[in-house]
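Chemist: Protein chains in written order, with UniProt numbering: chain A, 1 to 343; chain B, 1 to 277.
Hint data in this document are derived by calculation from the structure and do not stem from the laboratory. Ideal Cβ positions, reconstructed from N, Cα and C, are used throughout, including at glycine. A hint or two may mislead.
[Claimed, not checked] Here are some, though not all, of the chain A residues that point toward chain B, as calculated from beta-carbon distances under 7 Å: (1) PHE12; (2) THR53; (3) ALA56; (4) VAL101; (5) VAL153; (6) TYR225; (7) LEU299; (8) VAL300; (9) ARG301; (10) GLY324; (11) TYR328; (12) PHE337.
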Amino acid sequence: MSIEIVSVNKQFGSFTALSDVNLTVPSGELTALLGPSGSGKTTLLRIIAGLETPDAGSIRFDGEETTDRHVRERQVGFVFQHYALFRHMTVEQNVAFGLTVKPRKDRPSKKEIKERVHELLRLVQLEGLADRYPSQLSGGQRQRVALARALAVEPKVLLLDEPFGALDAKVRVELRRWLRRLHDEIHVTSVFVTHDQEEALEVADRIVVMNKGRIEQVGTPAEVYDQPANPFVFDFLGSVNLFHCRSEQGQARAAVPELSVGYVRSHDIEVERRQNDGAVEAEVRHIQAVGPAVRVELLVRGTGKTVEAELSRDGADRLALGVGETVYARPRKMQRFVGDYQI
Amino acid sequence: MATKPIRRNTVIPGFGPTLGYTVFYLSLIVLLPLSALVVKTASLTWPEFLSTVAAPRVVASYKVTFGAALAAAGVNAIFGLLVAWVLVRYRLPGKRLIDALVDLPFALPTAVAGITLSSVYAANGWLGSVLEPRGIKVAFTPVGIFVAMTFIGLPFVVRTVQPVLEELEEEIEEAAACLGATRWQTFRRVLLPELLPALLTGFALAFARGVGEYGSIIFIAGNMPMVSEITPLLIITKLEQYDYAGATAIATVMLLFSFLMLLTVNLLQKWSRRHTA
């Protein structure tokens, strides 16, 4: 089922959470709402779910007006960051909850409910844990129970609010890959909120980048990463890997107007020992090995600006850099935006 | 082979002294008076004891006391939960005032409460003058006892339920709503089980207070033998007649009943908390 969001506004006191948001989520896709905290992404998700009402605008499910429909009748599955499991119920009872609260005429028989629950527990790989209480499960397991519980009522839309936010790094990566595979299996229209660009890039079919209550860009992971629409998107999708480069520097010298700024990701900076065309002279300030990559902080001569380059282990070993040495930095790929952008 | 006693390393020092102090204090404050009660009762012979505690007037007083306390605690459990709910969930003008009012039955001297209640519910009182022409007699009947017990028991339920309610995440209600549960189903199946342990504690405390209450009840009860006489009053009566052994015998029975009630509630509580690992 597709979701249409038409000119939605939402205000909390004097804080504008969403201003004139328009978005279409195509049926069967996994869409990520990506943005920093306070960007309105969770508010938008909660408005889609019906947990929040927009001040203006409307929500349509498959073209059908849904704005005034109660959350109970929207048939959405919602997964919370902190699981929101019912502590006094076993895993099985938690998953069965949505089925057991149905009006008697629509409610499946006890046997059918049990079968359905076990089928779902198989799907989320928690079959042996049906009789446990949530307090006896790990964070990753709890979130999978929450997912199974949301899927039990066969929702038309699955909404996930920072579903991996409360988990530790390794489990987070495992679980998001698993979610991607799960989505490939069940194809329910899904929207998930995240502030982690890596998570969005890895999992989503489409990414909606949000900032200050507005949508900055909508596109596939490749589009938003390779062709960011504006400096914000560029910065947010590779936050630490930003290279600030004025037009009077390097190869951008003559080609661009005065006020434009070139943006280069840190892994798109070539560090060389010899001066090549378009390179700037810089001094090595700091070298830091981070897992498979080596981060090098460079001080560009004559400008006082620092630039961060990310090299592969191999490349760094070949250069054999030392702090204080002079090197030449050359952007391999640069994107220019007119006007100054403050980060 | 010599076994070395295991010494646990702990951040908090003074396990020995604090345990010693606790045992000593509890013995002095709780166990000593209670054992004196039993010892005094033991001066009676078994038939004497039975004839005292099973006298029709005494049995009637048990029924009135425990019955009214149970009913009052039950009413408080329901309406106390409601008050706690309103205080936690809604923003309303004068909320702090209402919050403070809840504690009033705690703070008020029981005699003051008793006089106030009986003057309000008496035939010429504010409420009594409205109720009595309609055939509802409150003052000087068992209903009056129930009213007084309800009054003094309210804070116990509110104050035990309130913090638990404050800690409940609103997300679990939202989760229930997303899954299609109605408000009632959410309350019945999601919130109530979470609140039940605290509610039971509040109920037990209100009940215990009701059973033990004297000051606020004797004014409104009317104290008619076999009808509206509470057990604590009988104990006092016996004491005034210098029948110390008889008084302690009845007291021992009350103690036993209260202990059994509290034990039951504790077991219920344990059962309702079975899910917490």
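Chemist: Where does the structure disagree with the numbered hints, that is, which hint numbers, in rising order?
Modeler: Those not satisfied are hints 1, 2, 3, 6, 7, 8, 9, 10, 11, 12.
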